[in-house]
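Q: The lines below spell out each chain.
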Amino acid sequence: MSWNPTYAFLLVVPICVDYYCALQISRQLNKTKRRLWLSASIFIGLGMLFFYKYTNFLIGSIFSTKEFSLDIILPVGISFYTFQSMSYTIDVYRGVVHPEKNIARFALFISFFPQLVAGPIERFNHLMPQIYAKHKLHIQNVLSGLRIMVWGFFKKIVIADRLTLYVDPVFNNNPEYSGISLLIAGFFFLIQLYCDFSGYYDIACGTARLFGYNLIENWKRPLLSSSVIEFWRRWHISLTSWFKDYVYIPLGGNRVSKVKWVLNILIVFIISGIWHGANWTFLIWGMMHGIVFILEYFTKKVLKITASGFSIFGWIYLLAFETIAFIAFRSSGVHDLYNIYSKIFSFQYSIENFISDFQMSRFFIFSFIINVALIAFLFFKELKDENSWLVDNPSYKKIWRPLFYIGLFISIFVLGEFNLKEFIYFQF
Amino acid sequence: MRKLIVYITLIIVLGFAVREFFYFGTKQNQAGEYNKLNTLFLKENNYDLIIVGSSRAESHFNTFIIDSVTNLNSYNLGLEGAEMELMRTQLESYLLNSKPPKYVVLNIDYHIFYEGEKEDTIYRFPRFFPYLFYNNLLYNNLKKIDKRFFYFKWNPFYSLAHMDDKYIYAGLKGYMGITNKLDEKYYKGFTPIPDEFQRDFSKEKYTSYKSSPPASVYSCIKSIVHICKKVNSKLIFVISPIYYKRVNSITGEEMFMAYIKSIARKNSYIYKDYSTHSLCFNASLFSDPNHLNEKGSTVFSLIFAQDLYKELSK
Numbered sequence: 000m001s002w003n004p005t006y007a008f009l010l011v012v013p014i015c016v017d018y019y020c021a022l023q024i025s026r027q028l029n030k031t032k033r034r035l036w037l038s039a040s041i042f043i044g045l046g047m048l049f050f051y052k053y054t055n056f057l058i059g060s061i062f063s064t065k066e067f068s069l070d071i072i073l074p075v076g077i078s079f080y081t082f083q084s085m086s087y088t089i090d091v092y093r094g095v096v097h098p099e100k101n102i103a104r105f106a107l108f109i110s111f112f113p114q115l116v117a118g119p120i121e122r123f124n125h126l127m128p129q130i131y132a133k134h135k136l137h138i139q140n141v142l143s144g145l146r147i148m149v150w151g152f153f154k155k156i157v158i159a160d161r162l163t164l165y166v167d168p169v170f171n172n173n174p175e176y177s178g179i180s181l182l183i184a185g186f187f188f189l190i191q192l193y194c195d196f197s198g199y200y201d202i203a204c205g206t207a208r209l210f211g212y213n214l215i216e217n218w219k220r221p222l223l224s225s226s227v228i229e230f231w232r233r234w235h236i237s238l239t240s241w242f243k244d245y246v247y248i249p250l251g252g253n254r255v256s257k258v259k260w261v262l263n264i265l266i267v268f269i270i271s272g273i274w275h276g277a278n279w280t281f282l283i284w285g286m287m288h289g290i291v292f293i294l295e296y297f298t299k300k301v302l303k304i305t306a307s308g309f310s311i312f313g314w315i316y317l318l319a320f321e322t323i324a325f326i327a328f329r330s331s332g333v334h335d336l337y338n339i340y341s342k343i344f345s346f347q348y349s350i351e352n353f354i355s356d357f358q359m360s361r362f363f364i365f366s367f368i369i370n371v372a373l374i375a376f377l378f379f380k381e382l383k384d385e386n387s388w389l390v391d392n393p394s395y396k397k398i399w400r401p402l403f404y405i406g407l408f409i410s411i412f413v414l415g416e417f418n419l420k421e422f423i424y425f426q427f
Numbered sequence: 000m001r002k003l004i005v006y007i008t009l010i011i012v013l014g015f016a017v018r019e020f021f022y023f024g025t026k027q028n029q030a031g032e033y034n035k036l037n038t039l040f041l042k043e044n045n046y047d048l049i050i051v052g053s054s055r056a057e058s059h060f061n062t063f064i065i066d067s068v069t070n071l072n073s074y075n076l077g078l079e080g081a082e083m084e085l086m087r088t089q090l091e092s093y094l095l096n097s098k099p100p101k102y103v104v105l106n107i108d109y110h111i112f113y114e115g116e117k118e119d120t121i122y123r124f125p126r127f128f129p130y131l132f133y134n135n136l137l138y139n140n141l142k143k144i145d146k147r148f149f150y151f152k153w154n155p156f157y158s159l160a161h162m163d164d165k166y167i168y169a170g171l172k173g174y175m176g177i178t179n180k181l182d183e184k185y186y187k188g189f190t191p192i193p194d195e196f197q198r199d200f201s202k203e204k205y206t207s208y209k210s211s212p213p214a215s216v217y218s219c220i221k222s223i224v225h226i227c228k229k230v231n232s233k234l235i236f237v238i239s240p241i242y243y244k245r246v247n248s249i250t251g252e253e254m255f256m257a258y259i260k261s262i263a264r265k266n267s268y269i270y271k272d273y274s275t276h277s278l279c280f281n282a283s284l285f286s287d288p289n290h291l292n293e294k295g296s297t298v299f300s301l302i303f304a305q306d307l308y309k310e311l312s313k
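Line by line, the protein sequences are chains A and B. Residue numbering for the first sequence is 0 to 427, as defined by numbering that gives the first Met the number 0. Residue numbering for the second sequence is 0 to 313, as defined by numbering that gives the first Met the number 0.
Treat the hints as calculated values from the structure; they're not laboratory data. Warning: the hint list may mix true and false statements.
To give an idea of the chain B side of the interface with chain A (calculated C-beta under 10 Å), a few residues [to be verified]:
#1 Leu9
#2 Pro155
#3 Lys180
Please read all numbers here as calculations on a predicted model, not as lab measurements. Each residue gets a CB set at the ideal place from its N, CA and C atoms; glycine is no exception.
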């Protein structure tokens, strides 16, 4: 993953191609020609994505060696803007949106800077009207944008980057660690990934808000879900809804036989896994989610469970499953994953192992307690937002909310980890 | 808009307050490195002999043994990662508030001068933050080495961002009176390296290199000599033991050592080189090739103190 000015060309290609293809699609009355222009747009978009993201993986898988790998750098944000651009031409083809005639505005839609490198994957009919609208600087927008940004920076610099200090050494040297340390690292990674990615979203969203823009909702407190099905309604919503609209529904959605539906779900989750990167571990991660999603669906149906809402057992189950699933996401290869799972599922957990893994000093305990406290704080804040506690309380808005965010801002500098750790999703 | 100004003011005030909270805690440490920094930068001292140098000075010179053998009141000012410029600052800062000592031991690390290598900042620089407002000499000297010290002093958020958990912990440790393993055997600036830090270096490979001290090192030595002359302190040059394989891997130090010897000769200063002493061949006395362990420091300090006593009795 890197950025190089020459790679800006890769941003220009989808802008020009999709701008032109969309215009042609709207002009053609002949369905075959319309389809041809759409195919051209998809082919070029996916072709670029495939070349930069999967060529070396494919070469490595075929020849079982990295010797023939090409010197390719994955351009930052390519997965996001390719999907965003692709959704536009598909929507034009479907007649959902009218093509944009002003190429500058269209270029702004694709390259809108707050969300360019790691999403959310915007939709044309959501962002474009805002690009057309006139924006004035409003103090309320500024304050609200700053609040969102502060929370985003806190999640990224304080929670995610601190957890990295525990997670990285454990995963990178996993043969040296016991099951209990690996399990804790797995849970920490789940939190780290969430805070890293949603932290980026908050910063992007806050930045956009300063200018009077509202970005599409991407996170709905997924770690408070009580099931995997619910989790996917809340996690990386812009990608999930993209897959729903442009993969799942064209495959037939749920208006097909049960066998075909199961297949459709698996396909969507496998593609979602592969979208994250060219590694078998992402495929395993996608498959695990697909299988559990289906099992959950049928279990609920057989047991006639209709109740929705928060359940403590469901929540614990969700966190346990996601911890295990995201270990696959974090592992560097199948061999590592096997090693980690075999240690975790041997269930030989003991505090002594944990202590000897980290040669505990007072300082380690101090840092560990801070991390646990930060995770507890994260869940508290999410619960507060989920249940809209204090929202209608005037003294909260006037006194406590500003103090809370000022405290949060200062704690970023006190507790933050400033050793320039890039966002995890920049690599996708 | 007024609201925004109020928030910004509040943030700045709180930033200074939070930072001062940690600084104050750091200054409450009764043992270990921060106690030494307090002694060095804040207190008025009256020692007969002070030891200036890096981590080697800090962990090699046992002040308890030196005091017992020589009947002098000594203090070890050695600081981990201190290069020559920082050693000069150590001495100058000490003299700012304290009575000049009779003797200044300068431990020379000739083996750390790799060709062309020059750090652009100070090793573990956040440890000096709590003292920037109280010791202008320290601030000015550090600012000469690293310009960011202006911002470290005046921008609380910039300095807080550079203080990782270790420094926050040091602040809290001070309030709670906790000590860590390194602090437990701390005595008047001497901090032996605990057994847990012992490294197996028997199979370590030593790539040979040329020791080439930059011009700034020569000028620092010169200025240390000048300072000592000014306050009438007698300088004692010491090269404390390093593991023989490490010593053998270094070439080209002759010119620098000849320079030190010539200063010593010219000013009638004591010069003691232990880099070829028999204890340099005993791996069991070392924690790593550059540092003696606790046992090694006891043996060395005894030898050094006896040598010093003899020299001073002449």
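Q: With reference to the structure, classify each hint as holding or not holding.
A: Right, here's what the structure says about each hint:
no. : hint   : result
1   : Leu9   : 6 Å, holds
2   : Pro155 : 8 Å, holds
3   : Lys180 : 7 Å, holds
Consistency note: the structure conflicts with none of the earlier hints.
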